[in-house]
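In the order they appear, the protein sequences are chains S and C.
Position one of the first sequence corresponds to residue 0 (numbering that gives the first Met the number 0), numbered consecutively onward.
Position one of the second sequence corresponds to residue 0 (numbering that gives the first Met the number 0), numbered consecutively onward.
Honestly, I wouldn't trust all of these hints.
Cross-link-like lysine to any residue pairs, in silico, SDA-like; alpha carbons within 20 Å at most [as the list claims (entries may be wrong)]: (1) 76(C) with 97(C); (2) 23(C) with 243(S); (3) 23(C) with 151(S); (4) 195(S) with 148(S); (5) 23(C) with 158(S); (6) 191(S) with 244(S).
Examples of chain C residues toward chain S, derived with CB under 8 Å [said to hold, decoys possible]: (7) 24; (8) 67; (9) 77; (10) 95; (11) 117; (12) 120; (13) 123; (14) 128.
Using C-beta positions, here's what the derived DEER-type ranges look like [to be verified]: (15) 42(C) with 253(S): 43 to 51 Å; (16) 148(S) with 64(C): 57 to 65 Å; (17) 138(C) with 273(S): 30 to 38 Å; (18) 144(S) with 116(C): 26 to 34 Å; (19) 266(S) with 28(C): 19 to 27 Å; (20) 75(C) with 11(S): 45 to 53 Å; (21) 49(C) with 159(S): 45 to 53 Å; (22) 64(C) with 93(S): 17 to 25 Å; (23) 256(S) with 49(C): 44 to 52 Å; (24) 133(C) with 251(S): 40 to 48 Å.
Rather than coming from a laboratory, the hints here were simulated on the basis of the structure.
Quantities reported herein were computed from a predicted structural model and do not represent experimental measurements.
Cβ coordinates follow ideal geometry from the N, Cα and C atoms, glycine included.
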Amino acid sequence: MNTLELTAWIALGSLLAGFLGALTGLGGGVVIVPMLTLLFGVDLRYAIGAALVSVIATSSGAAAAYVRDGYSNIRVGMFLEIATTIGALSGAALALYLRASIIAIIFGVVLLYSAYASFRQQPHATENQAPDKLATWLHMDSAYPTANGLETYHVRRVPLGFLIMYIAGVLSGLLGIGSGAVKVLAMDQAMKLPFKVSTTTSNFMIGVTAAASAGIYLSRGYIDPGLAMPVMLGVLVGSLLGARVLAGAKVKTLRIVFSVVIGALAVEMIYNGIAGKF
Amino acid sequence: MNAQSTGQTNTEQTNLQAHLQMDKRVDQLMGLVLRSGVLIAAATVAIGGIVFVARHPEPLTNYHVFQGEPAELRTMKGIFAEVLAFHGRGLIQLGLLLLIATPVARVAFSVGAFLYERDWKYVAVSVLVLALLFYSLFSGHS
């Protein structure tokens, strides 16, 4: 394969990954690594470097829109970014010491969880949450736009959210993904933020988390320009298209199909990891 | 839960409203920072990509085996030198550096926004996040 063909194929695959990732809310980054390693036979380290870059691009692009619409809770995001950046630094450091096959197995498990979590997206009640001392002290309580106008909400259990966010950061730095599913777990389940606020704030934070580990991956020589170029551009264009289609589409069937595909990729990553094929 | 039904006092209500209004302006500017950063980075990567593909008909890297990038593609100094020589790969790396800088610029912008709002706790929080980001960006680039 010459450079043009290789670039075009990788760009096309990345476009599809970005499109489906945006449409289903799973994010494009999570599919890029299995696609590059399993389909194109790319070394796991190069794949993680390229995925990390694409994650920054999509999250920053999408975050711009959500922040403007007033969904994201900037204070919650900012505070939890302390946890995710420290986590990302730990994860990137950990990546040096773990064997590629171990990283692949962890990747597969996280992938399985992400696919599972995308089914469980049911908004919980945000009413009747009592104010929390720490959250109040940190001015975290806010309001967000709904069909009935602005609704206020109280933020709960900040320390637990912080701890889960640290883990999300470690996974992001280790695997080159946004770990949106784990971030949503921290905010939606632990801190009881409204679901829409959790997902948009998670998106808002992903860029900073990924930037923290991307700097390290770049200086370590894991980010190859010839590979990162089609991946970044492909995922970016794909996710923009996906976000546009999402506005009117019914995505339930698609989400199921996509989750099954991701589940299969996850199993293959775990199998190859155990078989030592990385 | 409507804002009216929370049983907040009127002063608290006004504070929240003022707070949200201020946040809205900040949010819009922040969105602009993020969007333009991604756009400039993507354009730089695309230009570098065209130069790279045009000049190298055969792939330079065997992606099946990890070798790691040469110094000129993984240090800022090296990347800037490559850009001045108008090398495609150097241009792509510059675009990726700009992309990595976008969330960092957003955090730097937050420091300013929280200073403006006199929210000292969050000035401290955002300065800490910014310091962590700078640490990760510059610790490997000695």
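Hints versus structure:
1. Simply put, residue 76(C) and residue 97(C) have alpha-carbon atoms about 14 Å apart, close enough for the 20 Å limit, and the pair holds.
2. A distance of roughly 23 Å separates the Cα atoms of residue 23(C) and residue 243(S); the hinted pair therefore is violated under the 20 Å criterion.
3. A hinted pair counts as satisfied when its Cα atoms are at most 20 Å apart, and residue 23(C) with residue 151(S) qualifies at roughly 15 Å.
4. Taking the CA atoms of residue 195(S) and residue 148(S), the gap is near 14 Å; set against the 20 Å cutoff, the hint holds.
5. The suggested pairing of residue 23(C) with residue 158(S) is violated, with an alpha-carbon distance near 27 Å, which exceeds 20 Å.
6. For the hint linking residue 191(S) to residue 244(S), the alpha-carbon distance of about 29 Å lies beyond 20 Å, and the restraint is violated.
7. The beta carbon of residue 24(C) comes no nearer than 11 Å to any beta carbon in chain S, farther than 8 Å, and the hint placing it at the interface is violated.
8. Nearest Cβ of chain S to the Cβ of residue 67(C): about 4 Å, under the 8 Å cut. The hint holds.
9. Residue-level restraint check for residue 77(C) is violated (minimum Cβ-Cβ distance to chain S is 10 Å; threshold 8 Å).
10. Proximity of residue 95(C) to chain S holds as hinted, the smallest CB-CB distance being about 6 Å (cut-off 8 Å).
11. Because the smallest distance between the Cβ of residue 117(C) and any Cβ of chain S comes to about 12 Å, over 8 Å, the interface hint for this residue is violated.
12. Taken as an interface hint, residue 120(C) checks out: its beta carbon lies about 7 Å from the nearest beta carbon of chain S, inside 8 Å.
13. Taken as an interface hint, residue 123(C) does not check out: its beta carbon lies about 10 Å from the nearest beta carbon of chain S, beyond 8 Å.
14. A hinted interface residue such as residue 128(C) counts as satisfied when its beta carbon comes closer than 8 Å to some beta carbon of chain S; here the least separation is about 5 Å, so the hint holds.
15. In this structure the hint that residue 42(C) and residue 253(S) lie 43 to 51 Å apart at CB is violated, the actual value being about 31 Å.
16. Distance hint check: the CB atoms of residue 148(S) and residue 64(C) are about 58 Å apart, consistent with the given range 57 to 65 Å.
17. Our hint of 30 to 38 Å for residue 138(C) and residue 273(S) holds, since their Cβ atoms are close to 34 Å apart.
18. Taking the beta carbon of each, residue 144(S) and residue 116(C) are about 21 Å apart, not inside 26 to 34 Å as hinted.
19. Under the hint 19 to 27 Å, the C-beta atoms of residue 266(S) and residue 28(C), about 45 Å apart, miss the expected range.
20. With their beta carbons about 32 Å apart, residue 75(C) and residue 11(S) fall outside the hinted range of 45 to 53 Å.
21. For the pair residue 49(C) and residue 159(S), the beta carbons lie near 48 Å from each other, so the given range of 45 to 53 Å is met.
22. Separation of residue 64(C) from residue 93(S) is about 23 Å and conforms to the stated range, judged on CB atoms against 17 to 25 Å.
23. A C-beta distance of roughly 35 Å is found between residue 256(S) and residue 49(C), which places it outside the suggested range of 44 to 52 Å.
24. The hinted window of 40 to 48 Å between residue 133(C) and residue 251(S) holds, with their beta carbons roughly 43 Å apart.
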